[in-house]
Amino acid sequence: MQITREEIIEKLKDILLSASDDPHVLDRCTDGAKLQTDLGLSSVNMLYTVIAIEETFDIRFDDVTVTSFDTFGDVVGYIEKKMS
Amino acid sequence: MDRIYTTDRENFRKYTDASTFDRIVSFGTVNEMWADRVKEYATLTAIEDDGKKYTYAQLEEDAASFRPLLGTGKRAAVLCPNSYDFVKAYLAAVTSGNTAIILPPQLPADAVYGCCMKLGANELIYHPALEEKLATVKAAAPTLPLINITAKADEPAGMTDAKPSDPCVIMFTGGTTGRSKGALLSHRAVMEGTVNGCYGYKDVFNQRYLLVLPLSHVFGLVRNLMTTLYTGSAMYICRNNKDMFRDIAMFRPTVLVLVPALAEMALMLSYKFGKNMLGPDLKYIICGAAAVSPYLINEYPKMGISLLAGYGLTESANLVSGNPDSIGKPKSVGIPYPNQTLRIVDGELWLKGDNMMDGYVNEPEESKTAYEDGWFKTGDLVRIDEDGFLYITGRSKEIIVLSNGENVSPAEVEAHFNAPAFIQDSQVFEDVGENGNRILALEVVPRMPELKGIEGDVKKYIISELEKINKELLPYQRVSRIEVRDTDFERTPSMKIVRYHKCR
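Sequence order for the protein chains is A and B.
Take the first sequence: its position 76, counted from the start at 1, is 76 in the working numbering, and no numbers get skipped.
Take the second sequence: its position 36, counted from the start at 1, is 36 in the working numbering, and no numbers get skipped.
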């Protein structure tokens with residue numbers, strides 16, 4: 001079943017909310033928001049995010065490290081590509 | 001105040017069945033232990049890595065084919081990522097009369113060279129994946145022999161004889177304060193640490209361990225790898241932490257050795273997806289290298305998993321104490337392991353014992369100041385309760401001396417603020433107040449899933465709850481400012497919180 005970009009963003013936001021230590025993280029969650037500096041994700045938060053994405057979308061990240069992504073939009077784009 | 005405490009392995013007897021307890025025996029050297037285990041467990045899987053299984057006999061055969069390339073009586077630096085090849089390099093080096101200098105694989109090329117020179121490496125065993133890290137060594141020390149771990153000698157060589165006092169490994173001390181030093185551990189110390197990992201729980205032998213910690217850290221090397229081999233267990237090497245749960249689903253470990261940050265993450269993922277992400281067979285999480293929250297100790301049993309906290313240092317071959325009764329005493333780091341003597345001087349823990357290092361390599365000044373009258377001064381502030389359980393109350397270097405002369409241990413105060421389930425981590429530190437005066441301040445990182453039902457401003461709620469705790473503290477321990485962070489604290493590579501030093 002095809003998943004839309006909007007649906008990916010919704011699910012990813014849900015993951016971010018549980019990964020982050022900040023209840024207001026979604027207020028800053030734009031396409032260009034940098035994961036580490038703007039959204040404040042630590043290395044442990046990032047690891048959680050990657051694992052939760054794999055579990056939620058049933059995809060497997062290629063040979064990437066948890067710091068391979070710069071922005072929120074990069075992650076959305078990566079999931080979109082993997083799901084297409 | 002000055003008190004001395006002796007230790008006794010019998011203190012652990014009641015936590016294990018009699019036949020298992022009697023199998024926990026001492027070996028003087030790694031060579032002696034390894035020879036025995038290869039004989040006893042020859043056909044069992046020792047290591048599983050990159051889709052391949054290696055039996056105890058195979059591992060010895062591969063180590064034997066590598067030994068002749070190393071010579072004997074040398075210091076062999078080992079630069080390998082977590083892999084079967086690391087295990088082969090380490091075992092071959094230490095069982096052929098060499099001292100293994102374990103280099104963290106994330107070191108940049110200049111640091112690899114610097115460590116080799118400072119620690120007196122006579123040769124360097126490297127993994128081809130890390131060859132680019134040899135650039136500085138090749139340029140600045142062209143005569144240092146570089147040995148590719150995939151190389152093989154024409155004829156295998158057996159183990160050499162070793163004495164318990166012989167040097168075995170040099171491990172880097174980590175920690176959140178001070179610069180890194182190379183701690184020299186003898187065969188006796190490594191074996192003591194290895195055996196200590198067997199005390200305080202029921203299922204000890206023939207387990208399935210999964211490795212996620214770096215083998216360049218003493219917790220990974222001694223408690224994970226060495227105790228695996230001692231107990232005839234199998235160790236699955238997880239090469240990338242992001243694959244941890246996929247590896248767990250496939251390998252179904254029975255024991256995991258984790259730092260608290262990873263244990264916390266695994267718990268939160270399990271809650272999010274409504275299933276035990278750690279697999280149906282997991283019985284124990286051995287947790288240490290940083291303070292373990294009682295929240296984790298109390299939550300994990302709901303999934304049928306015991307989380308056992310412990311305490312140790314690189315200088316003590318990892319293990320000083322382990323908690324066999326986490327539920328009964330969730331704030332304790334457990335009972336001290338045998339063959340040590342503990343002394344508490346003005347609250348600071350001093351140690352002597354078979355597990356202790358022989359000093360820092362080529363650091364005469366540091367080696368001298370680390371000891372007093374032959375006792376190693378840990379710098380950790382502790383207390384021991386009436387049942388012999390040890391508690392860490394702070395670090396002597398982190399003590400804050402207030403203007404009124406009162407001494408505050410941040411860790412002791414943080415333990416109070418960490419008590420509510422909705423607090424994940426906290427840090428108490430000295431800061432400058434609005435009037436330029438020195439104040440005690442608190443920052444906390446909330447555990448958001450525990451705050452789901454809270455209506456309105458969550459931060460306000462957190463602060464008001466923490467204010468209640470603050471009021472119950474001794475007057476000089478009370479903080480003047482509380483801040484709820486939006487982000488985690490900065491952490492060291494081993495995931496410990498980096499402490500603020502705003503007033504130093």
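Keep in mind that the hints were calculated from the coordinates and are not lab data.
If you're wondering where the values come from, they're calculated on a predicted model, not measured in any experiment.
Note that CB positions come from ideal geometry on N, CA and C, so glycine has one too.
Hints should not be assumed to be uniformly reliable.
[Unchecked claim] Dumping the calculated SDA-like pairs for lysine to any residue here, alpha-carbon to alpha-carbon at most 25 Å:
1. A/Lys-11 x B/Asn-241
2. B/Lys-397 x A/Met-83
3. B/Lys-368 x B/Gly-114
4. B/Lys-397 x B/Asn-241
5. B/Lys-283 x A/Asp-70
6. B/Lys-275 x B/Gly-232
7. B/Lys-272 x A/Asp-14
8. A/Lys-13 x B/Gly-114
9. A/Lys-34 x B/Lys-275
10. B/Lys-302 x A/Thr-56
[What the hints assert, rightly or not] Take a look, some chain A residues computed to stay more than 12 Å from chain B by CB distance:
11. Thr-4
12. Asp-31
13. Thr-37
14. Gly-73
15. Lys-81
16. Met-83
So, going through the hints one by one against the coordinates:
| no. | hint | in the structure |
| --- | --- | --- |
| 1 | A/Lys-11 x B/Asn-241 | 22 Å, holds |
| 2 | B/Lys-397 x A/Met-83 | 52 Å, violated |
| 3 | B/Lys-368 x B/Gly-114 | 23 Å, holds |
| 4 | B/Lys-397 x B/Asn-241 | 32 Å, violated |
| 5 | B/Lys-283 x A/Asp-70 | 38 Å, violated |
| 6 | B/Lys-275 x B/Gly-232 | 30 Å, violated |
| 7 | B/Lys-272 x A/Asp-14 | 10 Å, holds |
| 8 | A/Lys-13 x B/Gly-114 | 45 Å, violated |
| 9 | A/Lys-34 x B/Lys-275 | 31 Å, violated |
| 10 | B/Lys-302 x A/Thr-56 | 24 Å, holds |
| 11 | Thr-4 | 23 Å, holds |
| 12 | Asp-31 | 20 Å, holds |
| 13 | Thr-37 | 10 Å, violated |
| 14 | Gly-73 | 20 Å, holds |
| 15 | Lys-81 | 18 Å, holds |
| 16 | Met-83 | 18 Å, holds |
The structure fails hints 2, 4, 5, 6, 8, 9 and 13 (numbered hints given earlier, in ascending order).
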